[in-house]
Amino acid sequence: QKEVEQDPGPLSVPEGAIVSLNCTYSNSAFQYFMWYRQYSRKGPELLMYTYSSGNKEDGRFTAQVDKSSKYISLFIRDSQPSDSATYLCAMKASGAGSYQLTFGKGTKLSVIP
Amino acid sequence: GAVVSQHPSWVICKSGTSVKIECRSLDFQATTMFWYRQFPKQSLMLMATSNEGSKATYEQGVEKDKFLINHASLTLSTLTVTSAHPEDSSFYICSARDPAQGLYGYTFGSGTRLTVV
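If you're matching them up, the sequences are chains C and F in order. Going by the numbering used here, the first sequence opens with residue -1, and the numbers climb by one from there. Going by the numbering used here, the second sequence opens with residue 20, and the numbers climb by one from there.
Honestly, I wouldn't trust all of these hints.
[To be verified] Subject to a maximum C-alpha distance of 20 angstroms in a straight line, what follows is the list of computed SDA-like cross-link-like pairs (lysine to any residue): (1) C:Lys40 x F:Phe58; (2) C:Lys40 x F:Ser129; (3) C:Lys68 x C:Ser26; (4) C:Lys90 x F:Gly121; (5) F:Lys39 x F:Glu82; (6) C:Lys90 x F:Thr68; (7) F:Lys60 x C:Asp81; (8) F:Lys85 x F:Met64; (9) C:Lys40 x F:Leu65; (10) F:Lys60 x C:Asp5; (11) F:Lys83 x F:Glu71; (12) C:Lys90 x F:Asp117; (13) C:Lys0 x C:Asn25; (14) C:Lys106 x F:Arg56; (15) C:Lys106 x C:Leu45.
[What the hints assert, rightly or not] From the structure, some residues in chain C lie toward chain F, with a derived Cβ separation under 8 angstroms: (16) Pro6; (17) Leu86; (18) Gln98.
Hints are computed from structural coordinates only; laboratory data are not their basis. Virtual Cβ for every residue (Gly too), placed ideally from N, Cα, C.
Whole structure, please, built from the sequences with the hints as guidance.
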């Protein structure tokens, strides 16, 4: 079992739809959770980050963490064609010197006008 | 915001030659930099972690003699693919950690598409 599982998609939705992206993980040491957006042939850019279980909202984006289920989600409301990209979840363990990020495979999202 | 410049963005080289990829943090000092490799439809695979002034720590299965990493200053890390072969063709991405940004301060370069012919 991989440490982080993410459905690679691809996922295609009409403009304005609500998108739900998910990752599951097996390592209980993961305490910090991030979502990155990666456009084609570009490096990932940080979209959202969370620490504790619960929801965090930023504009049209909501990140959700359920540590008891080892499950994280990213919701995109009112999706736009500009949201078309690959979304990667990433996680990091706590502890001094724990700098490495573990990534999911990424979900490729296409928002159709 | 923090910016990481990576170049070249793409390179084609002949089999057996070496290629150097540079990763620079433009407006912050990166004590730690990471090099990743990404295959199509795959996740970012960490190759190595480098700390300024010390030897890089390579992940299991990554040949350190083939992928030479140098982190000579707080703003520059280089990855040299030595004696490149077609199987080394991939997308290489660097990331720099900015301690001033806290636990989530990882900034990625735009990546380098390497094609070995």
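Going down the list of hints, with the structure as the test:
| no. | hint | in the structure |
| --- | --- | --- |
| 1 | C:Lys40 x F:Phe58 | holds (13 angstroms) |
| 2 | C:Lys40 x F:Ser129 | holds (5 angstroms) |
| 3 | C:Lys68 x C:Ser26 | holds (8 angstroms) |
| 4 | C:Lys90 x F:Gly121 | holds (13 angstroms) |
| 5 | F:Lys39 x F:Glu82 | holds (16 angstroms) |
| 6 | C:Lys90 x F:Thr68 | holds (14 angstroms) |
| 7 | F:Lys60 x C:Asp81 | holds (18 angstroms) |
| 8 | F:Lys85 x F:Met64 | holds (16 angstroms) |
| 9 | C:Lys40 x F:Leu65 | holds (17 angstroms) |
| 10 | F:Lys60 x C:Asp5 | holds (11 angstroms) |
| 11 | F:Lys83 x F:Glu71 | holds (17 angstroms) |
| 12 | C:Lys90 x F:Asp117 | holds (15 angstroms) |
| 13 | C:Lys0 x C:Asn25 | holds (9 angstroms) |
| 14 | C:Lys106 x F:Arg56 | holds (18 angstroms) |
| 15 | C:Lys106 x C:Leu45 | holds (15 angstroms) |
| 16 | Pro6 | holds (6 angstroms) |
| 17 | Leu86 | holds (7 angstroms) |
| 18 | Gln98 | holds (6 angstroms) |
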